[in-house]
Amino acid sequence: MWSPVWLIVLPLLMAFISVVIKKQQYLLLNLSILLNLAVLYLAPQGMVIIGGFRPPFGISLNFDRYAFISLLLIQVLMLFATFIAGPLAKKYGTVLLVLLAGINGMLLTNDLFNLFVMIEVVSIASFIISTSNGKFTHTFHYLILASVGGVFFLLGAVMVYAYTGTLVVQGLFATLGQLPNAISLIPMMLIILGLAVELKLMPVGSWAKNIYGNSNVLTGPIFAAVLAPAFGFVFGRMMGEVVVLNPITGYTLLFMAIATFVLGELAAYRQKDLLKTLAFSSIAQSGLAIILFTLNLPFAAILLLINNALAKSILFWVATGVSTAYETSSMKGLRGVFYNHRILGITFSIASLSLVGIPLFLGFYAKVTAVMAIFTTGLIWIPVVILATAIIEGAYMMKWLLQLWSPAKEGHLASTEEVPEKREALNMTQIVAVCLVALILFVFGLVPQRVGRVLSVASQAEISQVETVAEGGGQ
Amino acid sequence: MSMVLILEWVVGIALIGGAIACVTTENILAAIVRLSLLSMVAVVAFALMRAPDVALTEAVIGSGLVTFVFVVTVKELFAKEDKNEEVH
Amino acid sequence: MIQFAGIALILIGIYGLMTTKHMIKLIIALNVLELGANIFIISVGFVKNGLAPILTADVPSDLLNFVDPLPQAMVLTAIVIGFGATALGLAVARKVYGKYQTYDLSVIGGEE
Amino acid sequence: MKKFISFLLILVLAFFLMTSLNSSLDFFNPPNSLDETRMSNAFIHKNASGGSDPVEFGKSTGLEDGSANIVTSVVVDYRSFDTLGEITVLFISALGVGLLLGAGTGAKQRSGFILKTAAKLISPLMMVTGIFIFTHGHLTPGGGFPGGSMMATAFLLNYFGSGSISTDLKSLKWMESLAGVFYIVIGLIGLFVAGSFLQNYLPTGTVGHLFSAGIIPIIYVLVGLKVGSEVSGIIADFSKSEVTS
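Chains as they are written, first to last, in this note's numbering: chain A, 1 to 475; chain B, 1001 to 1088; chain C, 2001 to 2112; chain D, 3001 to 3245.
In case anyone wonders, no lab produced these hints; they're calculated from the structure. Where is the CB? At the ideal position from N, CA and C, for every residue including glycine. Careful: at least some of the hints might be erroneous.
Facing chain A, according to a computed beta carbon distance under 10 Å, are these residues of chain C, among others [what the hints assert, rightly or not]:
hint, residue
1, 2013
2, 2037
3, 2071
4, 2086
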């Protein structure tokens, strides 16, 4: 009765209904998210069979702690995202419902081909959402890259089937690990390449800077706070259950991720545009999460994903709200804007400090855990690179905070005269919603150990794979 | 060589040749027509691979609907071609 | 031979994607790539003496020698998904055409 | 220059793929029959949930899956959830095309007498063929996707024949919505009656009969209707759209 399959079916049902009663789209969207939260609470954990045939013959859903944590995060952020996006979410109500169903399916499914179908559902829905920016060439760029990625993923899944005869995700690495290295190489590369587009990994992640950099109050939070962690969690599941790396592929992936991280942060540092800065920062953070998952450190990666999702959602809400109201997102035009919007400024500051990893915030705990964990793998140079890059990140975030708060020109005393004329960025209810998310982030920062204890159970559920790239290649 | 084997070779070479012709041409309308033809050859390939379901689906969707959608998308280019012969 | 053709189509599709900036031709190359992938998947399940996986009165019940039906089911799904992506891509391309009167991305350049 | 580099890259990739595939998989030299250990044997012999009843066309009754077309039994029974995802993909892209191009007012298509007459003659025929294909999806090749698309093509021909879209688009939306809702409701009945979503709870009958295979024909008809209405929607949106701005 209380089966996790509701998490997928309910939004889908609402989506099909909402085509004919367009007026109630928004209501149906919020209703299904709330019901999903109830299902999440009530459904017992474990494997769920669909269609009455046990795996590998049928499709099954894997509803464990890992899936639970990721689903909870996605539902909560989706609820806030639709609430704040308001009228835009009304226009794209059906699309958001399908997106929600697809993401839930992606996080739950225990079948490689079903995962491909769900990824396609999610990516097509996200193409449509990205068109609300009005920049169609960017959407086109994203569409082509993601479609090619989808084909690669499909080919990888089919080759896994050809070699092993099964598509069940859980424990697939054990079967794949028995194959010689040369054989498992190609399907693994195809699966990783397929996911790399959505993970914004270096050469193929170029779409992200345009889509994120021109985002509005709907697309920014949906892409940065809902899609990015969702694909991060899917990648984590793949790394934990499916992907078998040998030293060559492992180090290639690791270097690509490190390059994404470092170059992303450097590019963010050089930007003079708030949304573009946040775009490159998202690309970089995604790279860091991939590093952690590749090194088989799911606990640190999950912490980082949650911190980023919460922080990035606030940053994008405030940034898109402000830049829409003032019709600019450049540093010059927005200078001193938080003088007019103090509450938004405070939430923005909390989020950016947590993102950077200042002590007393969740981000600090996440980054310390990550760095300490990487030290245990024996690859000393990676934490050094991460710490050095964190300084760059801190530098540009501080620069932005100063500029957004302070109306003064360099070398002059602050005066309110240079503040741009006040305009309404977000309405009262939206501000309350943003504050709620900021409060969640803040409270998490106060009790990081408790959050960590809950999450460590999730990370243990996720990881059944023992062999890591660090153990395999580091010696 | 049996008939089926010869047919397989013919279909395989037609697929590769058709794909090259389709991708390398500069003329959009020619590319669309070649994609449609390529898809029809693929239908034969699917039938040879004992996949009648896939062949039927490819015939209706791949070579029918996809071509239609392409042609309707670039219908303005038809009008242009009437005026000047060159279309890119 | 058809197996080779499937892989060749995948590679030709990638070549097409790399060498053009024209939106319609990009989608055409994507379709070639998808077609190649579909042929590849079908050939994964192919067996030499296999029959089409449909039970008929002519198939002896003690000797059910069929080709693998699962890859065929996957391709059925993949074809429809490919059509959906193609239709959406063309709709987006049409919107771009409406804005710039061209399908060529190298003419449009960076949209800021 | 760029073309040359791409060409070289493709050649390297081709060499890499061919050698690797040739060494790892008997891909270029397929086996004579399906390996005994393959799980697909369970789909063919219809014994995924145990049992060893022989499968005989027109004779076997009460098997776990009653479809004579094994691809259909995989698509709509064993892996029905994929199909639900698949129609969702089509649903969402039809919706996206509508959102992007829907503002068009409808360009009139001028067509000659021959096209008009031919369209009027052929379109009912195609409609019937389409319906035949998806009602016999569990017996003959085809099924909901080509059948539904065939219906949509009939719709398209009708459009070329009459010059405007006569079918009410609103009713298409209703059909699309209801077909999807019924698919899910049938699945949910399975959840309540048989214990898992999309599980077959109707008797599977005799393999090869028209009224057999439990929920498979019902679902395939719904898929056909849904695909037909979605593809018709896409066609209508594309046909109507004019370049604006």
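Outcome of the hint check:
| no. | hint | in the structure |
| --- | --- | --- |
| 1 | 2013 | holds (8 Å) |
| 2 | 2037 | holds (5 Å) |
| 3 | 2071 | holds (7 Å) |
| 4 | 2086 | holds (9 Å) |
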